[in-house]
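*Asks:* Protein chains in written order, with our numbering: chain X, 1 to 125; chain C, 1 to 516; chain D, 1 to 263; chain S, 1 to 353.
Each statement offered as a hint is correct.
Restraint-style ranges between C-beta atoms, simulated for each label pair: (1) X:G20 / C:A78: 48 to 58 Å; (2) S:P98 / X:I72: 49 to 59 Å; (3) X:E105 / D:G256: 42 to 52 Å; (4) C:Q66 / S:Y111: 42 to 52 Å; (5) S:A12 / X:F85: 18 to 28 Å; (6) X:G69 / S:W313: 28 to 38 Å; (7) C:A388 / S:T31: 49 to 59 Å; (8) S:F34 / C:G385: 52 to 62 Å; (9) S:V209 / D:G256: 51 to 61 Å; (10) S:T317 / X:L84: 30 to 40 Å; (11) X:L24 / S:A12: 16 to 26 Å.
Honestly, the hints are just simulated from the structure, not real lab data.
A virtual CB, placed ideally from N, CA and C, is assigned to each residue, including glycine.
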Amino acid sequence: MVDLTSPEFWESVRMMVAAGVILLGALFVLVGSVGVLRFPDFYTRMHAASVTDTLGATLVLGGMMILAGWSINSFKLLMTWLFLFITSPAASNAAAHAALVAGLEPLLGKWNGEKVEKPELAKEG
Amino acid sequence: MTMLADLVIAPTVLAMHAPVLLVIAPLLVGAATVLAPSGRFAWYMAVATSAFCLWMGISLAMEVSQNGVVSYHMGGWAPPRGIEFRIDALNSLAVVIISFMGLMSAIYAQPAVEREIRIEKRPMFYTAYQTCLAGLLGIVLTGDAFNLFVFLEISSIATYVLVALGAGRDRRALTASFNYLILGTIGATFFVIGVGFLYAATGTLNMADMARIMEADSLHHSRVVQAGFGFIVVGLGLKAAMFPLHQWLPPAYAHAPSFVTVFLSSTATKAAFYALARFMFSVFDPTFSFLEPVFLYVLAPLAAIAMLACSFQAVFQTDVRRILAYSSVAQVGYMLLGLATGTAAGLTAGMFHMANHALMKGALFMAVGAAALNASVWKVSHFNGAAARAPLTFTGLAVAGFSLMGVPLTAGFLSKWKLLEATLAEGWWWAAVVIGISSFLALFYVGRIMQAAFFAKAEEGAPEIKEAPFVVLLPLWLLAGLNIVFGLNPSLPLGMAEAGARAVLGVDLNISGGAQ
Amino acid sequence: MEFVLERYNYWIIIVLMMGGLYIVFEAENMIKKLVGLGIFQTSVLFFYVTLGKTAGGTAPILVETGGHGDDHGDGHAAEAGHGAAAVAHGETHAAPVLHEESDVAHQLETVEAEISEGVTELAPNNVDGHASEAHGAQAHGAQAHGAEPGADPGHVANGADAHGAVSDLPSPEFIATPHAPSQAVADAVYGQSGEPLHMVAGDIIYSNPLPHVLMLTAIVVGVATLSVGLALVVRIREAYGTIEMDEVRAADIAEGEAEGDAA
Amino acid sequence: MEEQFVPSVLIANIALMSMLGVITIAIIRMTSLFGIVMLSGVYSLVSAAWFQAMDAVDVSFTEAAVGAGISTALYLGAMLLTVRKAKPTKGILKRWAPLLVVIGTGSALLYASVDLPAFGSLDSPVNTGVGMQYMEVSPKEVGTPNVVTAVLASYRGFDTFGETVVVFIAGVAVILLIGFGERALAASNWRGREDDDAQGDDSHLILRVVSKLLIPLIVLYAFYVHFHGEYSPGGGFQAGVIFAVAIMLYSLIFGLKAAMTAFPPVWARVGAAMGVAIYGLVGVICMLNGGRFLDYDYIFGPPSGEAHGHHNWPQITGIIGVEVGVVVAVACVMITAFYAFAGRTPEIRDEDW
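Looking at chain X on its own, in the form it has when it is part of the complex (with noise of 0.2 Å):
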């Protein structure tokens, strides 16, 4: 029977859950490895490039601070899980940006037999 006002119950319980965020975490980010080797062209392997930046990372830092419990290291890992969140897009904005201003055109455009128009594409991104 366990004993649900034990601190020890309580603490498995901790452990486990962040255990499964992490484990999470890190399926995140072996999906988006994935998807860079799979997808067919520079854009679309950067969105699968960034689902590990966002979501995998936010997932493994949420699992480390429930790990760390109420500390300075859970705060650091705030702290850079905000980091992240402010520069990944923004990188990742500027690689597409980079990209098509040099040229490399999308592939879906010419998927669909229509060109994308390249201003729009910008500011989506």
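Given the structure of chain X, go ahead and fit chains C, D and S onto it with the hints provided.
*Replies:* Below, chains C, D and S alone, put in the same frame as chain X:
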């Protein structure tokens, strides 16, 4: 004599910190030189630091000769925990040579730099020079194996850029510098691997401590120590231009600015050679069982091949600086032959020859650079009839050249004689033959230059060679004069070399025994 | 097999080193050469760091309020046992608690040297900083309190407490603890009271800081060399129009021959 | 010995090491310089992770900042000025010379490896020697929790001084070789103009906003890394590099000209010398007060001899002082190198990619 002694002995405050001042003075003044308003001002600063270093070096050497080992603990931490500058008779000789040659080449620098270096680069050029000097002094002063690596890198990086600055005149300086950078870095990394092995075996980085532990635990059976020796010798040998590892040297000397060639030829390889001697004789004990075959079957043959092959190559060069550069590699062979005997006599001969070689090669490169001050003359044929136009320069060249050949009454003769004695004492009759042949070849390659300068007729339309200015002639003649003086009375350098050999091979190497 | 397990790391590092060295010698392109040089130098870092790594060790930052060492608890249990075996002081095996503490086996020599002299060999207030000495006293059952007087509060409060707390070890609460030392570590590390006195330093093994310091230097030296090398490459490209070693060499030889003819 | 390791450490060790091996092989086989440079950055990053697993947290931090960060930036800068592709290498049979060297060196290393101490061993000479003494004496004598910092800045502070000089001389070398003379000025004008055009169409808007948010944070982080170096991984070198990165980011987004206005090249040049001077002068102050060079116990005058309680202030002051010198020198030299590479007009424009 006492007056002179009073003059050179630094005040107590300075003398107490002399070891570290030798390094930090050029470093700090060098950093300040970046801000120097003009090249001329930077030159004053460089000469001033070099002179200060010489002063400190001499007073340190006197201190060592009177009181034995001087140990300076950086940060007040006793070794092996802290870094130690440890000066015994062996490195006090090296310190004096390097700081003296530093001052000589610094005085010599000004006209050459004004001719070869762009005006806005001059202050930083002198910064690089002073940093290089500090690095070389650090190599010879330090008693910590890893600290030696740091100074090796300081001097090397400064050397790369100094050599590369010859590109203003000849683009090949860039390639020479790049090759030197690659090989030099590999050499330094090998040295670090070697030090890592010794560290793995002994658990310390202090060289005296390493020696003590290796002796006490008789670690010479350990393969780690043996491989460490190999890596250190290869690494330092690269820097010292030991025979098969010398490929970087001729192009670097030939295409560097002439001041840099003077400075490097008389100091850089000397510092590395000293470090080699320190590791072979002081950190490792030449009586270690694995070292005897290494000395006899690897180092001695390599030295002999260097003496023959590089002298031979020198004979066939047309570029004067390449002749002298190959000759330098051959001379490193002489010094190494001394070390390879593994005896005190051999070490003495090696160190003595190192001192003499600094004097004569410095003077020779100075004379060659002085001739090129007004015209770009680097070929032997350019020197035809030059002695008539620049008698003082070329007489200096002749004196140093005689010393290089080993003509009696010059310093070069005496050190070759000492070497002969040391090798014959080992029963190496072949070494005598090699020394003879190599000196004979030196007669050819130096003789060619002198023959062109003194006896050949100047060609039509050949570049005009003029007498060099006073600041160039002064160090040139000082060095040439010292070649004669030490040829007549070698007691000073020879005595120091002997004391050095005694210090490393005779007295035991306990760390505590210092003047600290 | 044990021989292999003890050395496989060196062999991997040797392979990496040689990979870097091979690139340096093989590549004709100068930038690739520099990359190879970087790999070669980085591999040397691996060698040094491997030397300084201790099994079950943690980063050489003295533990003050937790943070480190938390996930090393299990490792310590094993280590402790081994350390005790290595010490080969028969009597240490008698009591399990002392057994745990004896993972300071690396201090073996010091311990043995100082046992006869008791605990206070260095400076008087050094006792708490010297795990081995305190341990030496305990292992011989000489006197658990031998170390106590050294534990002056001022020092325990600062970084020294990581070791200093050794003097706490024989206190009843720990001896009474039936758990493995990992529990003790966890207690200390997660110490609710937050008082630095709650350190169990004897159980924390640190990796060697010295190789790290040396390799920091080596990294910085490496980047300095790299920037000079790249600057040279840029200049060579401008002077020769290529950065392929063989082409540059050919140009140099041609130039030398041209000069030789002129001379 | 083996059972002592935490399994995760061993797994990380093997996994990261094999990644490094794969990367090395890939670099050997590649000819695209861009790929090679990127892989060398990846190599540094993976090795940083490996250092982390091996407890070398400070080395890891530095390798990540310097090896993966600054080095890659320098490689890219140099590549922009040279070429993008290496010539394909010769057939394996023609490369016997490098193979011979490598096999020779490798066998020497293998020969030695037999007698090397077991991996992780606690009673190896290294781990019973000087290194471990620091763990015991440094809390007493220096008093910084991060022993690496204590050893770096105090026990072996002279090495670190040399290291700062190495960085300084590298900066001097870069200026002497590719400088920022008139060519750099022209280049900055050229870059600046282009950037003015770009400003018209807001295409960098996101980057501008994000970077304006980030740059102060990066600088703040640099200060944190510096001043917290006694307690956690970090210190002068890392902080200097991070500060330089902030300037680099600024110049990437707002143009080299703007960066050079915000942080003039002459500051960088003077600052590099200043850094060495600060480090040296801290040592000289100790000398003037009667101690040895860099003996921080003398930094406020001769030590009073009374026991210092919680913190050993003279030592800590000295450490912070020299680390300031390191920060200034490293930051300025890295900025210098960046300016020098970025300021040189590339012969190849982006169109030639």
